[in-house]
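> The lines below spell out each chain.
Number of protein chains: 2
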Amino acid sequence: MSKAIAGPEIERMIQLLSRLPGLGPRSARKAALSLLKRREDLLMPLADALSAAVDRITHCSECGNVDTVSPCSLCRDGRRDRSVVVVVEEVGDLWALERAAAINGVYHVLGGHLSPLDGVGPDNLNIPRLLERASSGEVKEVILALNATVEGQSTMHYIKERLAPTNVAVSEIQKGVPIGGELDYLDDGTLAAAIKSRRRI
Amino acid sequence: MSKAIAGPEIERMIQLLSRLPGLGPRSARKAALSLLKRREDLLMPLADALSAAVDRITHCSECGNVDTVSPCSLCRDGRRDRSVVVVVEEVGDLWALERAAAINGVYHVLGGHLSPLDGVGPDNLNIPRLLERASSGEVKEVILALNATVEGQSTMHYIKERLAPTNVAVSEIQKGVPIGGELDYLDDGTLAAAIKSRRRI
Ligand SMILES: [Zn+2]
Ligand SMILES: [Zn+2]
Numbered sequence: 027m028s029k030a031i032a033g034p035e036i037e038r039m040i041q042l043l044s045r046l047p048g049l050g051p052r053s054a055r056k057a058a059l060s061l062l063k064r065r066e067d068l069l070m071p072l073a074d075a076l077s078a079a080v081d082r083i084t085h086c087s088e089c090g091n092v093d094t095v096s097p098c099s100l101c102r103d104g105r106r107d108r109s110v111v112v113v114v115e116e117v118g119d120l121w122a123l124e125r126a127a128a129i130n131g132v133y134h135v136l137g138g139h140l141s142p143l144d145g146v147g148p149d150n151l152n153i154p155r156l157l158e159r160a161s162s163g164e165v166k167e168v169i170l171a172l173n174a175t176v177e178g179q180s181t182m183h184y185i186k187e188r189l190a191p192t193n194v195a196v197s198e199i200q201k202g203v204p205i206g207g208e209l210d211y212l213d214d215g216t217l218a219a220a221i222k223s224r225r226r227i
Numbered sequence: 027m028s029k030a031i032a033g034p035e036i037e038r039m040i041q042l043l044s045r046l047p048g049l050g051p052r053s054a055r056k057a058a059l060s061l062l063k064r065r066e067d068l069l070m071p072l073a074d075a076l077s078a079a080v081d082r083i084t085h086c087s088e089c090g091n092v093d094t095v096s097p098c099s100l101c102r103d104g105r106r107d108r109s110v111v112v113v114v115e116e117v118g119d120l121w122a123l124e125r126a127a128a129i130n131g132v133y134h135v136l137g138g139h140l141s142p143l144d145g146v147g148p149d150n151l152n153i154p155r156l157l158e159r160a161s162s163g164e165v166k167e168v169i170l171a172l173n174a175t176v177e178g179q180s181t182m183h184y185i186k187e188r189l190a191p192t193n194v195a196v197s198e199i200q201k202g203v204p205i206g207g208e209l210d211y212l213d214d215g216t217l218a219a220a221i222k223s224r225r226r227i
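From first to last, the protein sequence lines are chains A and B.
As numbered in the numbering used here, residues 27 to 227 make up the first sequence, in order.
As numbered in the numbering used here, residues 27 to 227 make up the second sequence, in order.
Please note that the accuracy of each hint is not assured.
For identical chains, the list gives no copy identity; a pair is met inside one copy or between any two copies.
[Said to hold, decoys possible] When the alpha-carbon atoms are kept at most 30 Å apart in a straight line, the in silico DSSO-like pairs for lysine-lysine are as follows:
#, residue 1, residue 2
1, LYS63, LYS186
2, LYS56, LYS222
3, LYS166, LYS56
Just so you know, these hints were derived from the structure itself, not from any lab.
On a predicted model such as this, the values are computed, not experimentally measured, just so you know.
Next comes chain A alone, as it looks inside the complex (with noise of 0.2 Å):
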């Protein structure tokens, strides 16, 4: 915003709104009016909805996904196999992988991928409490559905490792996801692709 086109607390609006990713400042101005002309439906959901989230947002104690009660909603749905985890970078891919209904598992958030240059070592992930399900003996099969980027590979080559001398079989996603590709732009198919014809390691 170059020019102040409101008063202050329309222009804080317009210039929180144009922080979320695929509104510039164009589309947040129109995204702004239409919060303010529709107050009644559209506003005031909005506004109790992100005040919910302020107030009630929370990782979850078993899995990691974030939700407003921890265990998840994903890890107290009792339809779920609870025998199968399957283990992803961020709650983006979570979404991704429900989207496509890849998989009737349980999941496990690391919250990023290992990242020596950049300080994240394995505390500083989701991957002790990993360790603590796969040996908890309810787990059977850990699917790692990491990105097919250099660091997802080899935070996937290290949490194989760890979970060697465990009893639960590693599987790895496989075919479909191009190298390089981030899981939450692919196509659903190409996702229930992958999960399904996944590889044992």
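With chain A held as given, fit chain B with the ligands onto it using these hints.
What follows is chain B with the ligands alone, placed relative to chain A:
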């Protein structure tokens, strides 16, 4: 959202975000993730800004603009030439003209255009207040910056006739507004040129 991918509160946030113009279901998920990741520096300030808007947004008693104060920030701005009133259909048009720094007058927001078929007559728009302002003695020129659509033009002609008995000069913006075009979609240079070459009617 065909399938729930997260708990109901987060689903609701994604669903509301996807109703904003410019955000489809995919970008609404990205936006929600970004908000959840950046609790302190994005989610909290945006929640606060929206809640403040819910509580305090109002229409300016003078010009019909939306702001958190009435009269609005623009009407309070002492550096503006209050003898020139630029009439627009919507707040978004006012924002577009301000962005283009097209003119240093004050505004009058009609809140739409005449549309007899939809039951929108002069009294459903902010037209009576415009006639009051034009008769106050402070106003020397009214610039009709309405959309170059059929509805915008017939609204313009109606207002022009109603202003005829007053002493104010009435202009319309002309040059550079493509027929059928809406102001809010024009570039700044075109808007500034259209204001500059306004024509007495
Ligand atoms: Zn969970
Ligand atoms: Zn005003």
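> State for each hint whether it applies.
A quick look at each hint next to the structure:
no.	hint	verdict
1	LYS63 <-> LYS186	between (53 Å within a copy, 27 Å between copies)
2	LYS56 <-> LYS222	between (42 Å within a copy, 26 Å between copies)
3	LYS166 <-> LYS56	neither (50 Å within a copy, 32 Å between copies)
Checked against the numbered hints listed earlier, the structure breaks hint 3 alone; every other hint is satisfied.
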